[in-house]
Amino acid sequence: MLSSGQREARLCRQVVHASYAARPEDVVQDCLHLLRKEQTEGLQEHLAHPHAAPAPGIRIGDQLIQEDGPLAYAAGMLDVGARRVLPGHLLRRSQVLSLLQIAPDKYLERISVTAGSGEWAVLGWTLQRVAGRWAVSSVRRDPTCNYPLPMRPHPRYAPETVVLAQIAALRTQRLYQAGVFHAAGAGQMEMEQQQGSNMEDYIHCVALLQHLHHQAILGEAALPTRSSFLQEVALHYQPGVIVEGPAAVVARRTRFIWSLELNEEGCWQVLQYGYCQS
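Residue numbers (this note's numbering): 102 to 379.
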């Protein structure tokens with residue numbers, strides 16, 4: 102009689118063999134079942150490039166970040182949102198939103214997914230024909246998930262959403278609202294880390310976030326650990342604004358980095374933010 106482990110291994114082999122004749126939506130469902138139990142090795146058989154060399158790291162500012170999560174090896178095909186929410190996700194809450202054939206050999210399927218922490222996301226799965234079978238070429242989080250912006254932390258909200266919500270609060274000078282997204286004690290820690298020669302830059306950083314920018318664009322992001330997150334942000338400033346004095350130098354810095362952590366309640370909260378030095 103087979104043990105539970107042997108039965109699961111046999112089932113995984115059957116799933117892989119069946120995938121050669123499976124429809125695109127069947128492949129996605131197989132991936133979701135594997136990821137629910139964090140069987141990330143089995144997932145490789147469904148990827149268009151399962152043996153691609155792992156990326157040397159993700160550059161955030163002047164740092165090269167090495168992720169240690171279960172899907173770090175697939176960073177070239179799965180974006181940071183997919184790598185964050187899929188391992189251990191709540192399968193019963195997933196829902197197919199749409200399936201579209203965008204080319205003779207390519208499909209796009211959009212699925213809403215809830216992470217084990219409670220975070221909600223819509224993921225776009227792109228599948229293509231590879232050696233006669235359907236395989237996953239990319240999984241991307243839909244950026245429309247960030248809106249409407251929240252007023253307070255909640256497990257449902259992604260770290261990207263929290264960053265945008267805090268920036269929006271700073272821009273409109275709602276400092277109390279911006280502080281709601283800080284982790285307990287993070288504001289004091291941030292001030293202490295900025296003491297000395299960096300203090301003036303820190304003050305200008307807050308001032309510029311409050312008054313000058315009119316658009317925030319999310320850039321590269323990484324998960325150093327499963328409970329930490331780094332997000333690079335580019336700020337586009339209002340045309341025609343003239344900044345004088347020391348702040349004029351600071352105003353030319355348009356890239357920032359946010360650092361967040363996942364707290365015990367499953368909410369992403371801000372630890373600190375500051376200028377991107379590179």
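Hints may contain errors.
To be verified - SDA-like cross-link-like pairs, simulated, lysine to any residue; straight-line CA separation at most 20 Å:
| # | residue 1 | residue 2 |
| --- | --- | --- |
| 1 | LYS138 | SER195 |
| 2 | LYS138 | PRO171 |
| 3 | LYS207 | GLU126 |
| 4 | LYS138 | GLN229 |
| 5 | LYS207 | SER239 |
| 6 | LYS138 | SER328 |
| 7 | LYS207 | TRP221 |
| 8 | LYS138 | GLN196 |
| 9 | LYS138 | THR326 |
| 10 | LYS207 | ASP127 |
| 11 | LYS207 | PRO171 |
| 12 | LYS207 | SER218 |
Honestly, the hints are just simulated from the structure, not real lab data.
(request) Compare the structure with the hints numbered earlier in the document and write down the numbers of the violated ones, lowest to highest. (result) 4, 7, 11 and 12
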